[in-house]
Amino acid sequence: MTNTPLWEVFVRARNGLAHKHVGSVHAADATMALQAARDVYTRRGEGLSLWVVPSNAIVASDPADRAEMFEPTGSKIYRHPTFYEVPEEVGHM
Amino acid sequence: MQETPHIRMLLGLADDALIHGHRLSEWTGHAPTLEEELALANIALDLIGQARALYQATGLPEDELAYLRDPHQFRNVLIAELPNGDFAFTITRLLLVAAAADLVWRDAASSDDPDLPGIAAKARTEIAYHIRHAADWLVRLGDGTDESHRRSQKAVDALWPYTGELTVGIDRAAWLRVVEPVLERATLTHPADGWMQSGGRDGRHTEHLGHLLAEMQILPRSHPGATW
Chain A
1 MTNTPLWEVF
11 VRARNGLAHK
21 HVGSVHAADA
31 TMALQAARDV
41 YTRRGEGLSL
51 WVVPSNAIVA
61 SDPADRAEMF
71 EPTGSKIYRH
81 PTFYEVPEEV
91 GHM
Chain B
1 MQETPHIRML
11 LGLADDALIH
21 GHRLSEWTGH
31 APTLEEELAL
41 ANIALDLIGQ
51 ARALYQATGL
61 PEDELAYLRD
71 PHQFRNVLIA
81 ELPNGDFAFT
91 ITRLLLVAAA
101 ADLVWRDAAS
111 SDDPDLPGIA
121 AKARTEIAYH
131 IRHAADWLVR
141 LGDGTDESHR
151 RSQKAVDALW
161 PYTGELTVGI
171 DRAAWLRVVE
181 PVLERATLTH
191 PADGWMQSGG
201 RDGRHTEHLG
211 HLLAEMQILP
221 RSHPGATW
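Residue numbers (our numbering), protein chains in the order written: chain A, 1 to 93; chain B, 1 to 228.
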């Protein structure tokens, strides 16, 4: 199995939600990857829709770049939408 | 146990599902990959669920039917009880059996039996996936490497004489219309219909069923009334 391609699995649980990454499967091709994803990740009614994506198609950030990629946002609390009063008429947001 | 024709019909369907389901469950811990192990276990559970619904429809105690009957009282087709063999054999059997089961459930869905249409509605979506999974695998095995082609062709040849029983009561031509295109895509051929194995529906089984039941029934037989 070492040369069997790896696929990332995304499940959409309900209408209106986004597909969410749940894990990965090994499979020789896209058709079998979809079946493997169905059998491994939707056994308990978790989903209405499945995506599988070849893992090697994913471009990932380098952990070594973490400082320049993510630390600058730590000091910018004004970007969080917590400085606004939500009018009562709006209700739950 | 009074085996009316109605009960006998239900037991035939139920035993097919239970015995084939048990065979598939034997792959747990042995399947070629984790993904396929879950796939086969899922299918096994579908079949055992169908068996339960059918046993319940007989009105007899389902545990006694599954665990306390002897081989000659089982009404399943012989193909269901054959040992798993290799993965190609298991997948080929799954296709041949599921293609027949689909036609059986189609008829059952429109029958005037009080229980069958309801069971059929659920079973048909399950069987549709079993066919898809088996067919997609068989195409890859048959049209794969020399070794996987050899093994899957061997499986078709070995299983074919057991398919006569499968299509008793359904249209064999309709069954062939499902099976043959898959074999063709898999670059496999099937033998001509000749002499066929039979006897399962009458309780005349291969020696394999006794061994299967010994393992499946040992707990309730050694600890009657055990609960957990």
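No wet-lab data here; the hints were simulated from the structure. Bear in mind the structure is a predicted one, so any value in this text is a computation, not a measurement. For each residue, glycine too, the CB sits at the ideal point set by N, CA and C. Be careful, since some hints might not be right.
[To be verified] Across the chosen pairs, the derived CB separations fall in these ranges: (1) Ser-111/B <-> Ala-57/A: 44 to 50 Å; (2) Ser-222/B <-> Ser-55/A: 43 to 49 Å; (3) Arg-150/B <-> Pro-5/A: 49 to 55 Å; (4) Asp-86/B <-> Leu-6/A: 23 to 29 Å; (5) Arg-43/A <-> Gly-210/B: 40 to 46 Å; (6) His-223/B <-> Asp-29/A: 43 to 49 Å; (7) His-92/A <-> His-6/B: 44 to 50 Å; (8) Ser-55/A <-> Pro-5/B: 41 to 47 Å; (9) Ala-57/A <-> Glu-147/B: 26 to 32 Å; (10) Thr-28/B <-> Tyr-84/A: 34 to 40 Å; (11) Thr-125/B <-> Ala-64/A: 25 to 31 Å; (12) Pro-72/A <-> Glu-147/B: 36 to 42 Å; (13) His-92/A <-> Arg-221/B: 56 to 62 Å; (14) Thr-31/A <-> Gln-217/B: 35 to 41 Å.
[What the hints assert, rightly or not] Some chain A residues judged to face chain B by a derived CB distance under 8 Å, without partners named: (15) Ser-24; (16) Val-25; (17) His-26; (18) Ala-27; (19) Ala-28; (20) Met-32; (21) Gln-35; (22) Ala-36; (23) Val-40; (24) Arg-43; (25) Glu-46.
| task | Could you see if the CB distance from His-92/A to His-6/B stays within 44 to 50 Å? | result | violated (57 Å)
| message | Does the closest beta carbon of chain B sit nearer than 8 Å to the beta carbon of Met-32/A? | response | Status holds, d = 6 Å.
| field | When the least beta-carbon distance from Ala-28/A to chain B is tested against 8 Å, hint result | value | holds (7 Å)
| message | Please check whether Ala-27/A passes as an interface residue: C-beta within 8 Å of a C-beta belonging to chain B. | response | holds (7 Å)
| Do the beta carbons of Thr-31/A and Gln-217/B sit within 35 to 41 Å of each other? | At 38 Å between Cβs, range holds.
| task | May I ask you to test the interface hint for Val-40/A with respect to chain B, counting a Cβ-Cβ separation under 8 Å as satisfied? | result | This hint holds: Val-40/A lies near chain B, its Cβ roughly 5 Å from the closest one there, short of 8 Å.
| query | Is the hint on Val-25/A kept, meaning its closest Cβ partner in chain B is under 8 Å away? | reply | Val-25/A check passes; min Cβ-Cβ to chain B is 5 Å, inside 8 Å.
| query | Holds or violated: 49 to 55 Å for the Cβ distance of Arg-150/B and Pro-5/A? | reply | Cβ of Arg-150/B to Cβ of Pro-5/A: about 25 Å, so the range 49 to 55 Å is violated.
| task | Using 8 Å as the Cβ threshold, decide whether His-26/A counts as touching chain B. | result | holds (6 Å)
| message | Range first: 43 to 49 Å. Now tell me if the beta carbons of Ser-222/B and Ser-55/A are that far apart. | response | Distance hint for Ser-222/B, Ser-55/A holds at roughly 48 Å.
| request: Verify the interface restraint on Glu-46/A: the C-beta must sit less than 8 Å from at least one C-beta of chain B. | output: violated (13 Å)
| request: Look at the Cβ atoms of Ser-55/A and Pro-5/B and judge whether their distance stays inside 41 to 47 Å. | output: violated (56 Å)
Hints 3, 5, 7, 8, 10, 11, 12, 15, 25 from the list above are not met by this structure, while the remaining hints are.
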